[in-house]
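All residue numbers for the sequence shown refer to this note's numbering, where the first residue is 56 and numbers rise by one.
Quick caveat, the hints were computed from the structure, so don't treat them as lab data. Wrong hints could be hidden among the right ones.
[Claimed, not checked] Distance ranges between label pairs, derived from CB positions:
1) Gly225 with Ile171: 55 to 63 angstroms
2) Gly159 with Val191: 13 to 21 angstroms
3) Asn214 with Asp143: 22 to 30 angstroms
4) Arg90 with Glu223: 54 to 62 angstroms
5) Pro161 with Val141: 23 to 31 angstroms
6) Gly205 with Gly174: 49 to 57 angstroms
7) Arg155 with Arg224: 37 to 45 angstroms
From the three backbone atoms N, C-alpha and C, an ideal C-beta is built for every residue, glycine too.
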Amino acid sequence: MNAAGRLAIASVCFTLTFAPVSSESQGLVRARPCRGETITAITYSQRPPAFGGQLADANRLWSEFTALPHTTTRSDLVAHYVPVKVGDLCTEFARHEAERMVRGQPYIADAVVRPIDDGDGRVRLEIDTIDELPLVLLGSLGHGTLSSLGAGNGNFGGNGLAANLFFERGFNYR
Numbered sequence: 056m057n058a059a060g061r062l063a064i065a066s067v068c069f070t071l072t073f074a075p076v077s078s079e080s081q082g083l084v085r086a087r088p089c090r091g092e093t094i095t096a097i098t099y100s101q102r103p104p105a106f107g108g109q110l111a112d113a114n115r116l117w118s119e120f121t122a123l124p125h126t127t128t129r130s131d132l133v134a135h136y137v138p139v140k141v142g143d144l145c146t147e148f149a150r151h152e153a154e155r156m157v158r159g160q161p162y163i164a165d166a167v168v169r170p171i172d173d174g175d176g177r178v179r180l181e182i183d184t185i186d187e188l189p190l191v192l193l194g195s196l197g198h199g200t201l202s203s204l205g206a207g208n209g210n211f212g213g214n215g216l217a218a219n220l221f222f223e224r225g226f227n228y229r
């Protein structure tokens, strides 16, 4: 097997070994269906990514070293992608569409839109999100040496913005 094949296998193994904990084990409870009730309120709760094992320790050390703890995505940013508002009817199509729109953002790992009975044919929508791992690491080798290196954050300050620093060493003289 050539070096590229070994590197590809190592990358897949690294990804599988250090994958975030599943959303079900983080307490995201799947929603009951909407039944045409009137929406009285929409509440938001955001959670940082949760990790198990070695990556939990690495995440804690990175936060201590850089003094940059994870900032969860802002509620108003999540609200921007929710296609329903207070006073609308809660339909199953609208609930699924809201989940799809929020989950489609690159900084959100999972989202659940839950209707909570408010009495008398009304519901309150509870939108629960889990953030994606924000750390971005980049690097490449050229001519057997490190030719580029980069690091960044895929959800800088919880604002949904990517911020990266990148260094590249050129090989102009051959």
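Hints and how they fare:
no., hint, result
1, Gly225 with Ile171: 55 to 63 angstroms, "57 angstroms, holds"
2, Gly159 with Val191: 13 to 21 angstroms, "19 angstroms, holds"
3, Asn214 with Asp143: 22 to 30 angstroms, "27 angstroms, holds"
4, Arg90 with Glu223: 54 to 62 angstroms, "56 angstroms, holds"
5, Pro161 with Val141: 23 to 31 angstroms, "28 angstroms, holds"
6, Gly205 with Gly174: 49 to 57 angstroms, "53 angstroms, holds"
7, Arg155 with Arg224: 37 to 45 angstroms, "42 angstroms, holds"
When held up to the earlier numbered hints, the structure conflicts with none and fits them all.
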